[in-house]
Amino acid sequence: MRLLTHNMLSSNIKGVTNGFPLRIEVEKVVEKSVDFNPDFLKNMLAKIEYKALVEASRIMGYAELPDHAEPSMLESDDFLRKFHHALMELHLEEGTLVCPQTGRKFPVNKGVPNMLLHEDEV
Amino acid sequence: MVLGIASASRFYFKRGFGHSSVIRSSFCSLRSSSDMKEVSSDKGSSGSALAGGDSPALPPVKVGASLRSPSSVVQSTPEIEKKYVHRVYDAIAPHFSSTRFAKWPKVSAFLNSLAAGSLVLDAGCGNGKYLGLNPNCYFIGCDISAPLIKICADRGHEVLVADAVNLPYRTGYGDAAISIAVLHHLSTERRRRKAVDELIRVVKKGGFVLITVWAREQEDGALLNKWTPLTQKYLEEWVGPGSPRVRSPSSPLTLESIPEAEENGSREQLKEFTDKYTDLRSLQLRHLHMNSQAADLSLASLTKKGCEDQQEFFVPWHLPYHRAEVSGASANAVASGLAKKDDKKGAVVYNRYYHVFSEGELEKLVSGIGNAVVVDRFFDKSNWCIILEKIS
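Taken in sequence, the protein lines are chains A and B. One point on numbering: in my numbering, the residue at position 79 of the first sequence is 79, and numbering is uninterrupted. Quick note, my numbering runs 1000 ahead of the 1-based positions in the second sequence.
What the hints contain is simulated information worked out from the structure, not anything from laboratory work. Some clues are possibly wrong.
Here are the simulated EDC-like cross-link-like pairs (lysine to aspartate or glutamate), alpha carbons at most 20 Å apart as the crow flies [unchecked claim]:
(1) B:K1341 - B:D1090
(2) A:K82 - A:E49
(3) A:K32 - B:D1154
(4) B:K1204 - A:E49
(5) A:K105 - A:E121
(6) B:K1082 - A:E121
(7) A:K110 - B:D1154
(8) A:K82 - A:D35
(9) B:K1205 - A:E49
(10) A:K14 - B:D1154
(11) B:K1150 - A:E93
(12) B:K1082 - A:D120
(13) B:K1082 - A:E119
(14) A:K28 - B:D1154
(15) A:K110 - B:D1090
Simulated restraints on C-beta separations [unchecked claim]:
(16) A:V29 - B:S1071: 33 to 39 Å
(17) A:D67 - B:H1322: 55 to 61 Å
(18) A:Y50 - B:V1375: 31 to 37 Å
(19) B:P1105 - A:D39: 23 to 29 Å
(20) B:I1391 - A:K28: 41 to 47 Å
(21) B:P1070 - A:H118: 16 to 22 Å
Quick reminder that beta carbons are idealized off the backbone N, C-alpha and C, glycines included.
Pulled out of the complex, with its shape left as it was, chain A reads as follows:
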């Protein structure tokens, strides 16, 4: 699971109003190269919740992202590459995603989160 995906996920348990971001518990992180695409990154920066990305990347062991992002930083190649690395190249291979409101744990195995709910959670 990439952090771009993590940034799109939310706990969908019944009654949860504050399901984002899911808290990450890391067991194994893997880095996988991805082609650098600045246009794509600019589009995504507008879309994502940056603070959640920064927090998540730190938990995954990458501390290079600045705390805040200004639009002007999109002109900086240095920033874009760090952004690219955090967003696209860090994979949570094994671990857990935790609902911030209920504490419910969603497992991540072999890079795949399982977000299925039990009968009593729908």
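Given the coordinates of chain A, work out where chain B should sit on it, guided by the hints.
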């Protein structure tokens, strides 16, 4: 490690697919329903008003412990789907995936029309056939079948295990969402409608949703004869009176091809079944004429209404023995009666549940959604298709 600036359009790693083109199916006799005990009904205990387009009110069917909230009635998985969709796909996943490689031009066109950098959500992605189809977009796929998702993950796709009726995505971030041959596996109108609501929810304002479903109006009638219509016994157990099956104007069954159905089967067995089915159909038709005043929606009249209105089917899948042994789930399936062995064909035969859509039904399903409009609708390769745009 960054690979250097490039205007490379492919920006994520994807391995090629290996394919075999074994396509199989054949007729399989109707399963005994004695093992179907617990069912859920979307007109169960809630008694709440339903979205537009439902059939007239009838006494709700009480099934099981019936004090669940309306949301859980819609979002809990009914038994028929657990048995005849989820378990089947889990058991047949690799074989199924090996037959799913041809990209449907209409879906490709939709995906390729999206702006570069779009975030695309594929709900019910199966073996991931469409993930990454447009290399300029970022795809996230989800499916309820973990074995199918594993196939996607092994190919390098970004995927998760999730339920199309309750997507784990934030609201309004997708640029587009697709639902390709998924909704016909949902057994109630409310669940189908909830799945549509979810597709619209997860895209942004101005985002697009493409939905395709199997049509009742199939291009190849010979294939249709291989499907088993659900009998009255099934209807009683899992649908009940007042089933919200949409009544469409009766349209003659036209003969066109089924894109994702498989075929083969011994000629003799096919003929035997065709003869039997033809007899059954003519019997039903005669009955229909005799009961032309079937205005009430009692169960008896639902079945007597005849095969033109039939939309609930089991469609067989033949899993070759060598595949079944690898999967392991098939031994259990046969033991529990979920599947049958066919020694002549050397395959384990599973049934997949389908609610095929009649003409106009998909549009009716999306009508009444206040924040989305239909921007295209078409019939293609025996599928009804619709494209929606979220407007607010």
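Consistency of the hints with the structure:
A C-alpha spacing of about 17 Å is found between B:K1341 and B:D1090, which places the hinted pair at or below 20 Å, so the restraint holds. Of the pairs offered as hints, the one joining A:K82 and A:E49 holds, with about 16 Å between alpha carbons and a cut-off of 20 Å not exceeded. As the CA atoms of A:K32 and B:D1154 are separated by approximately 14 Å, the hinted pair is consistent with the 20 Å bound. With a CA separation close to 15 Å, the supplied pair B:K1204 and A:E49 stays within the 20 Å bound.
This hinted pair checks out: A:K105 and A:E121 have alpha carbons roughly 12 Å apart, not beyond 20 Å. Only pairs whose Cα atoms come within 20 Å are accepted, and B:K1082 paired with A:E121 is accepted, the gap being roughly 17 Å. Proximity of A:K110 to B:D1154 is assessed by CA-CA distance (about 9 Å); at most 20 Å being required, the pair is judged to hold. Distance check on the hinted pair: A:K82 and A:D35 sit about 13 Å apart at the alpha-carbon level, within 20 Å; holds.
Taking the CA atoms of B:K1205 and A:E49, the gap is near 18 Å; set against the 20 Å cutoff, the hint holds. For the suggested pair A:K14 and B:D1154, the alpha carbons sit about 32 Å apart, so the restraint of at most 20 Å is broken. At roughly 13 Å between alpha-carbon atoms, B:K1150 and A:E93 fall within 20 Å of each other, so this suggested pair holds. Annotation: proposed proximity of B:K1082 to A:D120 holds, straight-line Cα distance about 16 Å (limit 20 Å).
Between B:K1082 and A:E119 the CA atoms are separated by roughly 13 Å; this keeps the pair inside 20 Å, and the hint holds. With a C-alpha separation of about 17 Å, the suggested pair A:K28 and B:D1154 falls inside the 20 Å cut-off, and the hint holds. For the hint pairing A:K110 with B:D1090, the CA-to-CA distance comes to about 18 Å; that is within 20 Å, so the pair holds. A beta carbon spacing of about 36 Å between A:V29 and B:S1071 agrees with the range 33 to 39 Å that was offered as a hint.
Under the hint 55 to 61 Å, the C-beta atoms of A:D67 and B:H1322, about 56 Å apart, fit the expected range. Separation of A:Y50 from B:V1375 is about 32 Å and conforms to the stated range, judged on CB atoms against 31 to 37 Å. Checking the proposed 23 to 29 Å range against B:P1105 and A:D39 shows it holds: the Cβ atoms sit about 27 Å from each other. B:I1391 and A:K28 have their C-beta atoms about 43 Å apart, which keeps the hinted 41 to 47 Å range intact.
Evaluation of the 16 to 22 Å hint for B:P1070 and A:H118 yields a pass: the beta carbon distance comes to about 18 Å.
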